[in-house]
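For chain A, the structure is supplied; the task is to place chains B and C on it using the hints.
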Amino acid sequence: MDETVQKYTTRKGFFKQYKKKSRLQETWNRFLRNKLAVIGLFIFVFIILAAVAAPLIANYDTDAIRVNVPSRLQSPSAKHIFGTDELGRDIMARIVHGARISLVVGCAAIAVALFIGGALGAIAGYSGGKIDDVIMRCMDVFLCLPDVLLALAIVAAFGTNLVNLTIAIGLAFTPKFSRVVRSAVMTVRGVEYVEAARTIGATNTQIITNHVLINCFGPIMVQVTLYVASAILTIAAMSFIGLGIQAPIPEWGNMLASGRVYMRDHAYIVMAPGLAIFLTILSLNLLGDGLRDALDPRLK
Amino acid sequence: MSKFVVKRLIAMIPVVLAVTFVVFTIMWFVPGDPTNIILGNEWSEAASAELKAELGLDQSFLVQFFRYATNLVQGDFGMSYITRAPVREQLMARFPNTLVVVAGAMLFCVCVGVPIGVYSGVRPYSLFSNFTMVAGLLGISFPIFWLGLLLILLFSVHLRWLPSSGLDGFASLILPSLALGSNYMANIMRIQRSSMLEVIRQDYIRTAKAKGVTARDVVVKHALQNSMMPTITVIGMDIGTLLGGVVLTETVFSIPGTGRLLVESINKRDTPTVLGCLVIMAVCIAISNLMVDIVYAYVDPRIKAQYGGGKD
Amino acid sequence: MEIKKINEQENTLEIKNLVIHYISDEEVVKAVNGVNIIIKAGKTLGLVGETGAGKTTTALSILNLVPEPQGKILSGEVLLQGRSVLSMSERELEVMRGDKVAMIFQDPMTSLNPVHTVGRQIAESIEIHRKVSKQQALKQAKEMLELVGIPSERSNEYPYQFSGGMKQRVDIAIALACSPDLLIADEPTTALDVTIQAQVLKLINELRQEYHMSMLMITHDLGIVAEVCDEVSIAYAGRIIEHGTLEDIFDHMRHPYTKGLFNALPDIGVKRSELKPIKGLMPDPTNLPSGCPFHPRCDYVMEVCSQSLPENKWLSETHCVECHLYKDTNESML
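So the sequences go chain by chain: A, B and C.
The numbers in our numbering rise by one with no breaks, and the one at position 27 of the first sequence is 27.
Every position in the second sequence, counted from 1, becomes a number in our numbering once 1000 is added.
Every position in the third sequence, counted from 1, becomes a number in our numbering once 2000 is added.
Derived by calculation from the structure, the hints in this document are not laboratory data.
Where a beta carbon is used, it is the ideal one built from N, C-alpha and C, also for glycine.
Among the hints, a few may not be true.
[Unchecked claim] One side of the interface only, derived from the structure: several residues of chain B facing chain C at Cβ under 10 Å:
1. Tyr1125
2. Arg1201
3. Gln1202
4. Tyr1204
5. Arg1206
6. Thr1207
7. Asp1217
8. Asn1226
9. Asp1300
10. Pro1301
11. Arg1302
Just chain A, same shape as in the assembly:
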């Protein structure tokens, strides 16, 4: 038979037309086509590099912490790219070291939220019924309070050291994560291959780890990215009002707070920290959105 005819009349021929690319490859390609997402990726990588290279750019103790009154409140110049703050410290040094703090605490907090919230959500979503009800009602109660306020309450009770702060923010995001994981699990749970796995005798734990979690991975990664952005914002906000990371540790939020008094005559003092927060959050949001669109493309 003629090849064209074969293409249309035999099953094998018909499907050969549609080469199956690996799903990961396809997702990555779609991601790359999204200009905004790529920009976000670049910015975020830049921020990470700045944070990692912080000790090379500026010495922590001499540049970021040590008070140096004679050089206080200097406008941006070649020596001090972002100027100096009210205690004479180089703002740029404080910014890059602040990046480390924000990123580490933000990611750690979300890791806590993912671990606890994820476990709760997975159990609720997979078990269904009464267990699901009980867990979700508990989470709903927490959702009645905005994250900032809940974190503030926890910090009020337990103090503002770094560990407590991380846990406070982590706990504040736990209910949101439990919802996300639960709905991802519930979507996957009904799919046929779970039933199929069950018929060959896989245990519940095996099903969860091998099938359910793997397919939830995508949507959960999207939320992780977006929530890390929120967490970093929350840290900055709490530090801004004085209930987060305390001076003299450089954190973008508390830099804004202390510089605020001098803002009128030295406007530059609030530019760099604010910009840093903004760019970090923007890049993470772009990344998260880009991931979401790459995983589930729709006609725009």
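Just chains B and C now, with coordinates in the frame of chain A:
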């Protein structure tokens, strides 16, 4: 319909109580002896013991919570450790200010954000729509406290058009509402736009066009109502964002509201006031969720029927 | 494909050489590739073809509602009572739609606005085109409901309160509210149960006769064609490959595809051991075969079939076919 509202109002009570319980539990762990703060220089063992008995601070956790809850339902928020006056007084003085700022932000965002979202949803490939998307992205990423500072720099310091602090007169409300609402409005714009895009593709829109309905009426009479559901959800549910943000806004603009009261009380270890602020905010969120459900019923007749409102 | 003209004034609809493609970043879907249709006043044309043959797209072009921006009308004319639809302004189109031409869509479950009452949706058409008051329009809407067999008290109810068959009746009421000259019915019974199908079909037929409407009935069901249509056009891969009166097509079918369609029907009168489906699959509109689009599936395929598109050939005054088999046929040979 009214039956439904009453039912939900009653259902709100256990939720608020549950939230109160959570917050109460957290604040239980605040270290230090309240009697130190209250009595100050007049502290003595005897006075302390007497005060503790009076305030019930020597009782067990559950008893204390029960006492707090019963008082709460009657409107008694307890006594401030610092001012030694009823917490309620401070809340009544400060809460209206917060309410004004939040309401201002909400009004602004809904009135501006929804039409923008609608228009860019109807014309998805236009310059306006692209601009909206970019503005939306920037809006949700902009930290509102930084935005507040920048607005002050521009409008108060540089241009001298608007005041930078306090809350007297309409002009002083503009900058705080703008700053507070930025995230909120960006969200509303994005959701409304994407909802509109969804709705425009639906079959019943095609039917409307096939009947000869004008392009404007297709949007206003057919698409709009159907696209409102997700937006209403965001408007209502996101009030938490506004309440969380009002703490920051009040700090930046030196507004004497509940947010600043909360921060001050935390710093001074004034637990009853902290609790009072948090409870009031939780109540606001619960009421807001209820209003969302009520508005749903008016927008979507299927939901109205579920509530038993059909032929009132 | 060309159809002989009889008297232009009598033609409610004329489509000439219509070509419509859907163009996106990734691919080009060649939905309609040179379609010619004529519907005379008061007659019904059945447009038959499987899913993906371009029938709905053709129908939408009559209302100039081909979805943009992907859908692009590359060439061709659509004349409604002599007026060119494709060059009308938006305002002229709005006046025409619903009044001169109306369409019943395929899926009744999604074609009604869920937040408006059915009465309001029917009345809207009347309000727009007849310049009457809201109350008057609603009154007429209730009369339309009665006409399609729905009690008029239900005009205050919402679409979700109706079954699929009743929703389709509401669609019919909307379409007929302003007595259009041309009714386009796009597979109006496909989404319905068999018993309801018969009722709805009967209703359409009665109303069509009463209102003296021309109708374009799009379907893949030859039974419906037999009941309702005067003439038939068979569509394949965006072209009309055979056209004729009911008798021409049912009793004297010529094109191998048409034969295949009829043979694929289970016939209770003939005891055969197997059904005879047409081998192969519908061609991918993004990747159409060369030459005649049907050639990969054709039992009578010749070498010329993969090389060039067959021309249209008139076998009688009413019957034409696009197939290389009949290139040199004379009327006398049949």
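Against the structure, the hints come out as follows:
no. : hint    : result
1   : Tyr1125 : 7 Å, holds
2   : Arg1201 : 8 Å, holds
3   : Gln1202 : 7 Å, holds
4   : Tyr1204 : 4 Å, holds
5   : Arg1206 : 7 Å, holds
6   : Thr1207 : 5 Å, holds
7   : Asp1217 : 9 Å, holds
8   : Asn1226 : 6 Å, holds
9   : Asp1300 : 6 Å, holds
10  : Pro1301 : 5 Å, holds
11  : Arg1302 : 5 Å, holds
Hint compliance for this structure: every hint is met.
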